[in-house]
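Trainee: Chains as they are written, first to last, in my numbering: chain A, 1 to 326; chain B, 1001 to 1222.
Honestly, the hints are just simulated from the structure, not real lab data.
Since the structure is predicted, the reported quantities are computational estimates derived from the model, not experimental observations.
Hints are supplied without guarantee of correctness; some may be wrong.
[What the hints assert, rightly or not] Across the chosen pairs, the derived CB separations fall in these ranges: (1) Glu-1046(B) <-> Lys-199(A): 32 to 38 Å; (2) Glu-1046(B) <-> Pro-220(A): 52 to 58 Å; (3) Tyr-1028(B) <-> Ile-165(A): 26 to 32 Å; (4) Thr-263(A) <-> Ala-1197(B): 30 to 36 Å; (5) Asp-1074(B) <-> His-112(A): 28 to 34 Å; (6) Arg-1089(B) <-> Phe-285(A): 44 to 50 Å; (7) Gly-1212(B) <-> Ser-198(A): 21 to 27 Å; (8) Phe-285(A) <-> Ala-1197(B): 53 to 59 Å.
[To be verified] Below, a list of computed lysine-lysine pairs in the DSS-like style, where the Cα atoms sit at most 30 Å apart: (9) Lys-1166(B) <-> Lys-17(A); (10) Lys-47(A) <-> Lys-1166(B); (11) Lys-47(A) <-> Lys-17(A); (12) Lys-1042(B) <-> Lys-47(A); (13) Lys-17(A) <-> Lys-32(A); (14) Lys-1048(B) <-> Lys-1092(B); (15) Lys-1118(B) <-> Lys-1042(B); (16) Lys-1194(B) <-> Lys-169(A); (17) Lys-248(A) <-> Lys-1194(B); (18) Lys-169(A) <-> Lys-1048(B); (19) Lys-232(A) <-> Lys-1209(B); (20) Lys-1194(B) <-> Lys-232(A); (21) Lys-47(A) <-> Lys-57(A); (22) Lys-1166(B) <-> Lys-57(A); (23) Lys-57(A) <-> Lys-1169(B); (24) Lys-1191(B) <-> Lys-47(A); (25) Lys-1048(B) <-> Lys-1166(B); (26) Lys-1169(B) <-> Lys-32(A); (27) Lys-1198(B) <-> Lys-248(A); (28) Lys-1115(B) <-> Lys-1198(B); (29) Lys-1194(B) <-> Lys-32(A); (30) Lys-1092(B) <-> Lys-1198(B); (31) Lys-1194(B) <-> Lys-31(A); (32) Lys-1209(B) <-> Lys-199(A); (33) Lys-32(A) <-> Lys-57(A); (34) Lys-1100(B) <-> Lys-17(A); (35) Lys-32(A) <-> Lys-1191(B); (36) Lys-1169(B) <-> Lys-1118(B); (37) Lys-1042(B) <-> Lys-169(A); (38) Lys-1191(B) <-> Lys-248(A); (39) Lys-31(A) <-> Lys-1048(B); (40) Lys-1191(B) <-> Lys-31(A).
The C-beta atom is built at its ideal place from N, Cα and C for all residues, glycine as well.
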Amino acid sequence: MISIECIQQTAESLMDKAAIEIPTDYHHALKKAARTEDGELSTFVLKSMLDNYEVAKEDRCAMCGDTGVPRWFVKFGNEASVEGGMVALEAALRRATANATHNVPLRPNRVHPLWRTDHNNNVGIGAPEIEYGFEPEGDWIDLITVHKGGLFGTDYRMLFPSDGIQGIKRFYLDSLMAFGKRGLACQPAIIGIGLGGSKDICMSLGKRASTLRVVGSRNPDPEIATLEDEFKELGNSIGMGAMGFVGKHMVIDCNIEVGYCHTGGMPMSVHAFCLSSRRAVARLFPDGRVEYRTDPDWFTPYQRRETIEWEPNNPNTTTTTTEALT
Amino acid sequence: MSGLREVRLSTTPTAEAVADLRLGDIVYLDGLMYTAREGVYKRALEDKANIPMDLPHDSAANFHCSPAARINADGSFDMGAVTATASFRFAKWLPEWMEKTGARLIIGKGGMSSKDYKGYFVPNGAVYLSTVGYGTGALLGRGIEHVEAVHWNDELGLAQAMWVIKCNKMGPFIVASDLNGDCLFERENAKIAKNVAKVYEGTTPAVLKRYGETNDPTDEVI
Chain A
1 MISIECIQQT
11 AESLMDKAAI
21 EIPTDYHHAL
31 KKAARTEDGE
41 LSTFVLKSML
51 DNYEVAKEDR
61 CAMCGDTGVP
71 RWFVKFGNEA
81 SVEGGMVALE
91 AALRRATANA
101 THNVPLRPNR
111 VHPLWRTDHN
121 NNVGIGAPEI
131 EYGFEPEGDW
141 IDLITVHKGG
151 LFGTDYRMLF
161 PSDGIQGIKR
171 FYLDSLMAFG
181 KRGLACQPAI
191 IGIGLGGSKD
201 ICMSLGKRAS
211 TLRVVGSRNP
221 DPEIATLEDE
231 FKELGNSIGM
241 GAMGFVGKHM
251 VIDCNIEVGY
261 CHTGGMPMSV
271 HAFCLSSRRA
281 VARLFPDGRV
291 EYRTDPDWFT
301 PYQRRETIEW
311 EPNNPNTTTT
321 TTEALT
Chain B
1001 MSGLREVRLS
1011 TTPTAEAVAD
1021 LRLGDIVYLD
1031 GLMYTAREGV
1041 YKRALEDKAN
1051 IPMDLPHDSA
1061 ANFHCSPAAR
1071 INADGSFDMG
1081 AVTATASFRF
1091 AKWLPEWMEK
1101 TGARLIIGKG
1111 GMSSKDYKGY
1121 FVPNGAVYLS
1131 TVGYGTGALL
1141 GRGIEHVEAV
1151 HWNDELGLAQ
1161 AMWVIKCNKM
1171 GPFIVASDLN
1181 GDCLFERENA
1191 KIAKNVAKVY
1201 EGTTPAVLKR
1211 YGETNDPTDE
1221 VI
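If we strip away everything but chain B, and leave its shape as in the complex, we get:
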């Protein structure tokens, strides 16, 4: 595929493997990955429940995802498509989560800001991998070797539960931050920003304003 570099990466990656990743690399993952989003963060960090996995020994890859899945009557699992949910909403829990779990790969939709990356990703030796699309749910589904476990389903429901997935060349993902704390999406925003004034030429801001509004379309809303 064109000039993009493809990388196979373990979900318990070495520090060197993480350091080697470059913005825009296409990544395929091998090993155990777990889903955790607001439900899991709240339960683990605010309600102080014991995390039912040995982290980061088992996995250093936190997927911001709720799968399209079911639990069968015999207790087995069927997982169909998996795609990510937007990560910026989880910034308030992530620093503590990383410190507690040693997560080095945060996988989701849309990435975080370079401020987040520089503030707590880089000090924890962590990078952000974005899903592609969004979302390539069926493609990612093929990378699931099996579902290892589902934790906290009773407490949180299927969509918020902690799913543990065995990945086999699961992907594609795109490297969206690096160990400099640089952000792929902000880099692309900056390139696009040059053209924005021209596209907006002649348009007028609404006569009725809204509190908290920006009139600079090169700003972000996250």
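Only chain A is shown next, with the shape it has when bound in the complex:
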């Protein structure tokens, strides 16, 4: 059993790491971008950002004053159990969010949408979001916190099969153009694209594609992987860099995730995980061990499973409760 104390302590430490330490994959990619950028103003911006990462670590200070909207992804191995159960786990994550907001400090961004009530701790109705995933084996849990910016760079559109790849490309470019100007998207960013699912799932697929996959990862579907390469290239060929200044680095990487959707539609979402791509991950084991990492490793074969062992009219498959693992 994983102790609730271990969960809360680890969660507080993750909040701190996410806000302060730029993940290695993004950091390397931005250093590379800074070396090859030739726009004068864009280059200045990228170099300032690289300085900023160092100062944040030295001063143990949040990278960006807008510390985003903290949220949690929790993944359970099938044999994992938590002291006090899931309600205790949720309470621990909410407490950790409040404590870290005060201690780091983070900006208390979360307010009531109408009354603008601010508890000064990033906790409120539906906040922080806590989402769950499962894996077929393991007695561990993965805690992942993501502090994504919450205002610009994201859009959703219901496209249709007749829009095709050229329509997808259009909406992708539209999103980059709309939010890239003046640097509203805080690019260069990890662009996540969600394709398919129902409307809400389309949004969360895209958000997860941008926040839960590292720079350089590729979708296992080779044709989607090719699209990812192509879209990265396309975004960087606009001629727009950091802050919307002339430059050639807008997209640090492009990640696409798909989900099955209505046969008549092709919903699409676009998300930008910014110059402060804040994410931190830890795996917690029942013996108290905690292993920190920066790759959420969320999209396993199980998360992308396509179907279930199933044949129509076969009674042996109608009562089966375990699903094909891949």
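Starting from the known structure of chain A, arrange chain B on it as the hints suggest.
Mentor: Chain B only, in chain A's frame:
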């Protein structure tokens, strides 16, 4: 740093110092600066509350920012990272705010339009400074000598309160408008616009339209 010009500027700058700024200059600030965004504007301008500072005597620098900060039990302040929020949303309050407070440096994210600059920045002798990145929160944090005060925290909460910050070579900021009312971001947009048609070649607009939509990607959304 390359061909960019670096400037040290007071937060109560002379008219000459403001006039001397050029688009793309890198600025570092000294003196008192205050944060004000929608909460402060509404309270001061719509609810007619008395502004708790002597402006522009104390400061002519309005930062569109909510810091990552806390107020300790003993009443002292800890401020970590500071970065700006997008300014275009505040255009409806800014003309009156400038007139009332004499603000000459509006500091934020993303700038405003040249129409705003020509309409009320230039007549007030004011320019826009953009934060860099965004955002260099930790770098800007090093430029904070101390937090002088926080006003209206009870009424507006930490994120919307009016924070008064003593700056010491705080930066970098980029000059994004000048006293001609020219806009750095629009200048860059115009350069990029030449290439846009080529990048869009072959793509098709969505079959289902949306009300209020533009199909010209060289337009802005702000």
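Trainee: Give a verdict on every hint.
Mentor: Hint check:
1. Glu-1046(B) <-> Lys-199(A): 32 to 38 Å: With a Cβ separation near 36 Å, Glu-1046(B) and Lys-199(A) satisfy 32 to 38 Å, so the hint holds.
2. Glu-1046(B) <-> Pro-220(A): 52 to 58 Å: holds, 54 Å
3. Tyr-1028(B) <-> Ile-165(A): 26 to 32 Å: Violated - the Cβ-Cβ distance for Tyr-1028(B) and Ile-165(A), about 47 Å, lies outside 26 to 32 Å.
4. Thr-263(A) <-> Ala-1197(B): 30 to 36 Å: For Thr-263(A) and Ala-1197(B) the Cβ distance comes to about 35 Å; the hint holds.
5. Asp-1074(B) <-> His-112(A): 28 to 34 Å: holds, 29 Å
6. Arg-1089(B) <-> Phe-285(A): 44 to 50 Å: The hinted range 44 to 50 Å holds for Arg-1089(B) and Phe-285(A), with Cβ atoms some 46 Å apart.
7. Gly-1212(B) <-> Ser-198(A): 21 to 27 Å: Holds: the Cβ-Cβ distance is about 25 Å, inside 21 to 27 Å.
8. Phe-285(A) <-> Ala-1197(B): 53 to 59 Å: holds, 56 Å
9. Lys-1166(B) <-> Lys-17(A): Holds, because 28 Å separates the two Cα atoms, which is no more than 30 Å.
10. Lys-47(A) <-> Lys-1166(B): holds, 26 Å
11. Lys-47(A) <-> Lys-17(A): holds, 22 Å
12. Lys-1042(B) <-> Lys-47(A): violated, 37 Å
13. Lys-17(A) <-> Lys-32(A): holds, 23 Å
14. Lys-1048(B) <-> Lys-1092(B): holds, 16 Å
15. Lys-1118(B) <-> Lys-1042(B): holds, 24 Å
16. Lys-1194(B) <-> Lys-169(A): holds, 19 Å
17. Lys-248(A) <-> Lys-1194(B): Within the cut-off at roughly 15 Å; holds.
18. Lys-169(A) <-> Lys-1048(B): violated, 49 Å
19. Lys-232(A) <-> Lys-1209(B): OK: Lys-232(A) and Lys-1209(B) at ~26 Å, within 30 Å.
20. Lys-1194(B) <-> Lys-232(A): The given pair, whose Cα atoms are some 20 Å apart, holds under the 30 Å limit.
21. Lys-47(A) <-> Lys-57(A): holds, 16 Å
22. Lys-1166(B) <-> Lys-57(A): Holds - the C-alpha atoms of Lys-57(A) and Lys-1166(B) are around 23 Å apart, at most 30 Å.
23. Lys-57(A) <-> Lys-1169(B): holds, 20 Å
24. Lys-1191(B) <-> Lys-47(A): holds, 22 Å
25. Lys-1048(B) <-> Lys-1166(B): It holds: about 26 Å lies between the C-alpha atoms, which stays within 30 Å.
26. Lys-1169(B) <-> Lys-32(A): holds, 29 Å
27. Lys-1198(B) <-> Lys-248(A): Within the cut-off at roughly 15 Å; holds.
28. Lys-1115(B) <-> Lys-1198(B): Roughly 29 Å between the alpha carbons, so the hint for Lys-1115(B) and Lys-1198(B) holds.
29. Lys-1194(B) <-> Lys-32(A): holds, 27 Å
30. Lys-1092(B) <-> Lys-1198(B): Not OK: Lys-1092(B) and Lys-1198(B) at ~36 Å, beyond 30 Å, violated.
31. Lys-1194(B) <-> Lys-31(A): Given that 30 Å is the threshold and the Cα spacing comes to 28 Å, the pair holds.
32. Lys-1209(B) <-> Lys-199(A): Within the cut-off at roughly 17 Å; holds.
33. Lys-32(A) <-> Lys-57(A): Roughly 20 Å between the alpha carbons, so the hint for Lys-32(A) and Lys-57(A) holds.
34. Lys-1100(B) <-> Lys-17(A): Roughly 42 Å between the alpha carbons, so the hint for Lys-1100(B) and Lys-17(A) is violated.
35. Lys-32(A) <-> Lys-1191(B): holds, 24 Å
36. Lys-1169(B) <-> Lys-1118(B): holds, 29 Å
37. Lys-1042(B) <-> Lys-169(A): Answer violated: Lys-1042(B) to Lys-169(A) is near 41 Å, above 30 Å.
38. Lys-1191(B) <-> Lys-248(A): holds, 13 Å
39. Lys-31(A) <-> Lys-1048(B): violated, 49 Å
40. Lys-1191(B) <-> Lys-31(A): Distance ~25 Å between Lys-1191(B) and Lys-31(A) Cα, so the pair holds.
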